[in-house]
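Q: Residue strings, one per chain:
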Amino acid sequence: MIKSLDPRVTREQIEENNLIDPLTPMDNWETYEVFHQKKRGDQHMHVGIVHAPNPEMALLFGKEQYGRRSITANIWVVKTANVFASEYDDADMFETTPEKQYREAGGYKVMEKINKYKKAQKV
Amino acid sequence: MNTTAIKELLYKMADDLLIIGHRNSEWTGLGPILEEDIAFSSMAQDKIGQSQALFQLLHELGEQEPDTVAFTRNANQFHNAQFVELPNGDYDFSLMRHFLYDVADQLRFEMLANSSYEPLAKVARKIKGELKYHVFHANTWIVKLGSANEESKARMQTALNDAWNYALGLFEEGDFENDLKKEGVFAGEATLKQLWLETITPTLTKATLTIPHENTWEPKLGGRKGIHTEHLEPLVEEMSEVFRVDPSAEW
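Line order of the protein sequences matches chains A and B. For the first sequence, the numbering used here begins at 1 and goes up steadily by one. For the second sequence, the numbering used here begins at 1001 and goes up steadily by one.
Please keep in mind that the hints were generated in silico from the structure rather than gathered at the bench. One thing to keep in mind: the hints can contain errors.
Heads up, simulated DSSO-like pairs for lysine-lysine below, C-alpha to C-alpha not over 30 Å straight-line [stated by the list, open to error]:
no. : chain 1 : residue 1 : chain 2 : residue 2
1   : A       : LYS38     : B       : LYS1225
2   : A       : LYS38     : B       : LYS1122
3   : B       : LYS1153   : A       : LYS39
4   : B       : LYS1144   : A       : LYS79
5   : B       : LYS1126   : A       : LYS38
6   : B       : LYS1122   : A       : LYS39
7   : A       : LYS38     : B       : LYS1128
8   : A       : LYS79     : B       : LYS1122
9   : B       : LYS1126   : A       : LYS79
10  : A       : LYS109    : B       : LYS1144
11  : A       : LYS122    : A       : LYS109
Using the sequences provided together with the hints, build the complete structure.
A: Here's what the structure looks like:
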């Protein structure tokens, strides 16, 4: 019999050469993405995932996993399968080319006009 | 106010929480999946914390320090119902006990939130949120497993049958029921039991589980008076082992 420092293990009276049954994968539990909100009105922030068979249980687990150590106002869970995401292979579509700087706020060349106008006002 | 009556009430509640908290914590590291392991362990910790709050009230009424009371008594000095000391069994039994006990616990504290014994009413209001989550957790599992497949349904029904008479033992009346009612401290075990039956029935129905027929009901009594099953003594020994090594140690 296995004698362990953990009394729960000793109580099980497990044979020394006992072979534990091979584990079968749980392929029927999906993952849910968990979103955590600190206080009302704040954005929900993505904090991680949980395994769960349905949304209610995802909420149960999400609360303990991600809500128990910090202030929490609200939690969302969303089935990972329902998240429609871009492909990393397409990440180049987020790149901005130098020619498109006119689309950034800093790209507007208006200071010149403003200064000209101010000067005109002073006269 | 009748202090003896209040102490009796506090002792049985505190001991129920301490013992079930310890039992549930035996699942730590062995739970069915990681997420559930964490949730169940976290609730077990809540229970021990709640028992500590009640032992603290007892201390204020002249009893010894919470740690001393929790860890130096013998099994026959505990006032918990026999239900909470039963071994965990498989996860089906542990979940069923969690459901039957926690609903009763939540209702008891709801009744006590308006108790004339203000310190207890204050504790009741403070832990309301924890109890809400515990019952939400229990209800979700019971309904899910009761209606998942043939095996899970059969196992949950067996667990309910095995647990039932012990669960009824939670409502064993004490010697001071009338005093507590008269003074507005607690409305009594009979009222609580009625409320409990009304609350668990719809959930069990939703889970397609059946409460054993009333003519088979035989509440397992005695726990409140220190009469316990053979399972409590080893539990108390294991629970207090570290404390007893050096009772004066600072933690």
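Q: It remains to establish, for every hint, whether it holds in the given structure.
A: Taking the hints in turn, this is what the structure says about them:
Only pairs whose Cα atoms come within 30 Å are accepted, and A/LYS38 paired with B/LYS1225 is rejected, the gap being roughly 47 Å. The hinted pair formed by A/LYS38 and B/LYS1122 meets the criterion: a straight-line CA distance of about 26 Å does not exceed 30 Å. A C-alpha spacing of about 40 Å is found between B/LYS1153 and A/LYS39, which places the hinted pair above 30 Å, so the restraint is violated. A hinted pair counts as satisfied when its Cα atoms are at most 30 Å apart, and B/LYS1144 with A/LYS79 qualifies at roughly 18 Å.
In summary, the hint linking B/LYS1126 to A/LYS38 is supported, as the alpha carbons are separated by about 21 Å, within the 30 Å threshold. Of the supplied pair hints, the one linking B/LYS1122 and A/LYS39 holds, its CA atoms being roughly 25 Å apart against a limit of 30 Å. For the proposed pair A/LYS38 and B/LYS1128, the alpha carbon gap of about 20 Å is at most 30 Å, so the pair holds. Restraint check for A/LYS79 and B/LYS1122: not satisfied, since their Cα atoms lie roughly 39 Å apart, outside the 30 Å limit.
The suggested pairing of B/LYS1126 with A/LYS79 is violated, with an alpha-carbon distance near 34 Å, which exceeds 30 Å. This hinted pair does not check out: A/LYS109 and B/LYS1144 have alpha carbons roughly 63 Å apart, beyond 30 Å. Of the supplied pair hints, the one linking A/LYS122 and A/LYS109 holds, its CA atoms being roughly 22 Å apart against a limit of 30 Å.
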